[in-house]
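Q: The opening position of the sequence shown corresponds to residue 1 in our numbering, with each subsequent residue numbered one higher.
Hints should not be assumed to be uniformly reliable.
To be verified - With a Cα cut of at most 20 Å, we get these calculated SDA-like pairs of lysine to any residue:
id: 1; residue 1: 637; residue 2: 523
id: 2; residue 1: 307; residue 2: 249
id: 3; residue 1: 101; residue 2: 131
id: 4; residue 1: 554; residue 2: 634
id: 5; residue 1: 643; residue 2: 525
id: 6; residue 1: 491; residue 2: 611
id: 7; residue 1: 491; residue 2: 501
id: 8; residue 1: 469; residue 2: 458
id: 9; residue 1: 641; residue 2: 522
id: 10; residue 1: 101; residue 2: 41
id: 11; residue 1: 637; residue 2: 561
id: 12; residue 1: 307; residue 2: 369
Stated by the list, open to error - FRET-style restraints, in silico, Cβ to Cβ:
id: 13; residue 1: 422; residue 2: 393; range: 37 to 43 Å
id: 14; residue 1: 392; residue 2: 423; range: 39 to 45 Å
id: 15; residue 1: 464; residue 2: 601; range: 27 to 33 Å
id: 16; residue 1: 368; residue 2: 254; range: 24 to 30 Å
id: 17; residue 1: 292; residue 2: 10; range: 36 to 42 Å
id: 18; residue 1: 95; residue 2: 368; range: 43 to 49 Å
id: 19; residue 1: 375; residue 2: 292; range: 35 to 41 Å
Hints listed in this document are in silico derivations from the structure and should not be mistaken for laboratory results.
Quick caveat: nothing in here was measured; it's all calculated off a predicted structure.
Glycine residues also receive a C-beta, built at the ideal position from the N, C-alpha and C atoms.
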Amino acid sequence: MVSQIREYIYVDSFATYSSMPLPDSLHGQLPIIPNDNLYHTLAVNLYNDMDDTVDLFVGVRGNEYWQFNQISATGERYTTQAGAFVPYRTISFPNNRYVVKTSLAPREHYSWTLNTWNISSRDASTKAVYIATARNMYWHELVKDEYHKVPMAVSVFFQGAIWIMMFYMFFLYFQNNRDRAYLYYGLYMMFAMYYLLQKVAGDGPFYFVFGENPMIRYVLNEPVQWMIYFFYNLFVISFLEIQRHSYRLYKFLIGLNVAYVLYLVGESTYFILTFDKEVQSMLFIVSRVIALVISFITIIYIFIVVKGPLVKYIISGSIVFVLSAMLSMFYSLQVSWLPETGLHPISFMQLGILAEILLFSLGLGRRINLMSTEKEEVQQAYIDQLVRNEEIIQESNRDLSEEVFKRTNEIIYKSKELEKEREQKLKTEYEKQLMESEMSTLRLQMNPHFIFNSLNSIRYYILKEDSEKASDYITAFSKLLRMILQHSREKTIKLEDELDALRLYIEFERTRFENKFDYSINVAEDVDVSNIPIQPLLIQPFVENSIWHGLLHKDGTGHLNVEVFMEGAFLTVIVEDDGIGRRKSREYNSAKSSTYKSMGMQITKDRLRMMAKVQNADAGYEIVDMVDAEGSAAGTKVILKIKVL
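Go ahead and model the full structure; you've got the sequences and the hints to work with.
A: Right, dumping it as structure tokens:
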């Protein structure tokens, strides 16, 4: 009977309870399946025995989602819903998310069904369902409004102040060359503003904060708090220039921020997947205790390490913030020894942040003052420097005039010197060209000298009427002559070609003198004959000299040996014979009228002298007279050295 309800009454004494698996029809209506996959039902039959329409209020304390269904005896249906996760626009009683309002016609029977479930780990219950009259609900809301009056005033004042300061910080950020201290503090206030706003979103004028999806408030609750700590640390780093004072403290704060981000990602992911409020509550207590301890350690660390006029603002503001956070946490945990204040736990956080903002604002003002003073000092120093620069310019002009006069004389002197150098360079160039021409002439002289000697040999065979040998000799001579004429066009040829021509020449002379001597040409492995340049017919005169003045006058068969090897940067060629030696050769030539007079050695000597002048290439030769154990002449050795360029 409705008349039996005086103020409010719990229905557990006359209601019917049941629990059953969640039907498939409700799965699509819920964003997340209930923790126990059950929904709980309460059934009540009620009769309005009064002559007037009665407004009643039905409430379930703390459940996240519940549905109210009313059917009258005439078949009229009324359905509404309430709970922590119900969109604001769908609730029937805007002042309280856990209450629904219904009207009962006079003298009418009604059947009520209440279905409730929780999507978090907390078990849903229908045991605490109550029915209240309009008079009781009005009184309850009046008391509630009175109870919330002071905390609501604090919230409204806090929101207004923090919005103003937040936009002011962003304005200072753009005004002060994008100084990150203002940006970080503005972001810190933005997250603090949102966190404290969504904390009171269930009361008063703040329903608009995710009113249509209140679950988001629960999901964002922890991440937003850790973002407050995150940007607070960045603000301290930038405001106090921590990196300049202590790199170790800077790394500590950055590492702390990394830990905050990792924790909020891990905790949020776990909560979204499980909605386990018991674990979340446990983590809340543990993490806040750890955060408070770390905060005190950080404050002490900053006090010890960082020196300067701005430290006191950070220290005092941080202490106020930490103490307010501790009070808020203790009142949330309903610690028994705390006095009654008439404030909500979140109000302490709001008042602490307001006090902190005041202190930090003083610090920012002091920072702006210091920067302004520093700017004025820089400007004054700039002005002083400009004055000094003007004095320096005047002094420099005087010095410059003297220097110009001095430099002018130097330029005139240098011009004369350069003219002399140019004349000397031209003279040197002409001399070089003259030497090259002379060297070319000497090289060309080798050809007629060699041709003359070869023609004498051919003449010798013809006079002897040895036509066969004369024919062979002419064939070999033409082949050798072709090679020599081809080489004579070049300033340098490959050592390989020079040795081929030398080998052909020795064979030519050996044939001419009827195998009077044998020979060998040995080239060391480290000699790159295909890439070493050499003037043509440079070795041949020494070989020719050994044959004509050493080997031809020897009794028996002689031996000619040519060795080619590298000594550092020098190509060394040794021409060695076991002939009669230079002394006997001179005696022989003076005693007999020689038909052969060597011009090749003198020409080669002149060519080596020209090489040293024109090509700056060290070149020379040494003649060594060899003797046997008895001191008698045993031949001649010529050591030719040419620097490889």
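Q: Kindly indicate which numbered hints from before are broken by the structure, ordering the numbers from low to high.
A: none
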